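Visitor: With the hints as a guide, bring both chains together as one complex.
Chains as they are written, first to last, in our numbering: chain A, 1 to 118; chain B, 1001 to 1183.
In short, the hints are calculated from the structure, not lab data.
Possibly wrong hints are sitting among the right ones.
Subject to a maximum C-alpha distance of 27 Å in a straight line, what follows is the list of computed DSS-like cross-link-like pairs (lysine-lysine) [said to hold, decoys possible]:
#1 A:Lys33 to B:Lys1024
#2 B:Lys1024 to B:Lys1108
#3 B:Lys1124 to B:Lys1108
#4 A:Lys33 to B:Lys1080
The structure presented is a predicted model; accordingly, all values stated were derived computationally and were not measured.
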Amino acid sequence: MNIDVGLFNYWVVVILMVAGLYTVISKGHLIKKIIGLNIFQVSVFMMYITMGKVEDGTAPIFSETAVAYSNPLNSVLILTAIVVGVATTAVGLALAVRIHEAYGTLDESEIIEMDGGE
Amino acid sequence: MPELINIALLTFLVVISVVIIRAKDVFTAVMLSGIFSLLCAGLFTVMDAVDVAFTEAAVGAGVSTVLMLAALSMTTSQEKERPTNWGALVVAVLTGALLVYGTLDMPKYGDPAAPVHTHEQVAKRYVETSLVEIDVPNMVTSLLASYRGFDTLGETTVVLTACIGVLLLLGGRRREEDEHEGS
Chain A
1 MNIDVGLFNY
11 WVVVILMVAG
21 LYTVISKGHL
31 IKKIIGLNIF
41 QVSVFMMYIT
51 MGKVEDGTAP
61 IFSETAVAYS
71 NPLNSVLILT
81 AIVVGVATTA
91 VGLALAVRIH
101 EAYGTLDESE
111 IIEMDGGE
Chain B
1001 MPELINIALL
1011 TFLVVISVVI
1021 IRAKDVFTAV
1031 MLSGIFSLLC
1041 AGLFTVMDAV
1051 DVAFTEAAVG
1061 AGVSTVLMLA
1071 ALSMTTSQEK
1081 ERPTNWGALV
1091 VAVLTGALLV
1101 YGTLDMPKYG
1111 DPAAPVHTHE
1121 QVAKRYVETS
1131 LVEIDVPNMV
1141 TSLLASYRGF
1151 DTLGETTVVL
1161 TACIGVLLLL
1171 GGRRREEDEH
1181 EGS
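Bound conformation, chain B alone (with noise of 0.2 Å):
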């Protein structure tokens, strides 16, 4: 039955890209991403990656749809007609095609013997052992917190210079905007 739900919910998406690209207003576009976002999440939750998938649902579907209704709101959701990219198709396609023959050499889904749940060092590890050394019932808060802490603090690097960035480019513009009037 996950399976199904799987297979649905896959085709969903794919329904919904095609309709974000051939959106006229890319207004309707930011609330199909939205809808995509929480698709995704589910498709996560089948997956047996609940934490990814309610960080998707808060994150994706929530904060970045927000974010983006936000800088609509501050320019323009008019898209100017443009004739279909034949070219922009052609390469989009040929790296497709590319990409499914990688695919073939890949593990099936689900397969307990594919190298990324074999590997000794790492996941076996993670699961054998992370309830004794870190005593936490959850491995990804265990993993995330922990054993890849580096990565965790690195990330939140990103998100403070991402954080400067926004406050750079947004902030200068009101100081600005606060001049002219005074003067």
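For reference, chain A alone in the conformation it holds in the complex (with noise of 0.2 Å):
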């Protein structure tokens, strides 16, 4: 059985982006808006990943039976943006922290109010 699934994957793609951009802007709790930076980097991640995919292919290591590879570029640049993902993840975490201890808060809005107005 063959699915066409043509563009599918694009749009999901889309779909994932635009949760992630609004979660960014809109929600006050900067966890929350790291949460949905996370769901926009994974967003990307999987565009790589589709354009990678080779029909009938398998994964991208040697093998005598194999037909065809995926392409091994898009894993190892998705590779690398995973790691230092998480890197970034880590310092905003980190901030948020600060914040919190600073401000007793962590609600954007607040925050603003307490510097004084924007």
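Guide: So, in structure tokens, the structure goes:
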């Protein structure tokens, strides 16, 4: 059974990207913003990996029986991106912890209010 | 069949991302983002990127969930109620509409003739000659450590910088607390 996926993957990537963007803009809690950023990030990973898939291909490991291999370059780029993503998440969370210590809240609008408005 | 799994997992991802947005408690959102990462790992396996899949499962679902839980335990998971931000929704959906318009020119899923696969100097060359040149059966490994070694060096630099940043942000705090207790 072969279903033609077509561009479905890219559309889901766009939906996830919109979800991440909306979370980052509209949510007040700083850690929730970081979760939104992560969703946004994962949607980009998904786009790269989708581009790397080859029909009837196998994972890019040499074998006698493979007909075709999926693209290894996309995997390599995204491997780097995942690790960098976690590093930046860690810095963001550390900043959130410090902000909570200084202001006693993680709500964006309350923090802006305490700083004397915009 | 893999196409069916692909579509099912992608649908789950959309559902989970909507639930994350609507979650009242940030703790719930963190746990759901762990599930989100694990489903992504499954998807990466379906799309033949096994190395990415286990990195995502270990780092995305494991380490970042633990980091977020640690951060939550030091702060608060209560989120203030906010009215729906219609402006943000319009901006996000407009961006999405433009991006969907952009995808219409993309090659179809799994198309072997897509430009990513046919460039002579890049993917094609790695697939054809990396076994002779590097002698490692896993192409992703030989690419990561050899052909694109400088990329990996840069990645390590970023991780080091992030570690220094986190230590500076959180390490100094303990000392201040100690001083307050001492005085």
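Visitor: Would you mind marking each hint as holding or not holding in the structure?
Guide: Taking the hints in turn, this is what the structure says about them:
| no. | hint | verdict |
| --- | --- | --- |
| 1 | A:Lys33 to B:Lys1024 | holds (13 Å) |
| 2 | B:Lys1024 to B:Lys1108 | violated (38 Å) |
| 3 | B:Lys1124 to B:Lys1108 | holds (19 Å) |
| 4 | A:Lys33 to B:Lys1080 | holds (13 Å) |
Hint violations for this structure: number 2 only, all remaining hints satisfied.
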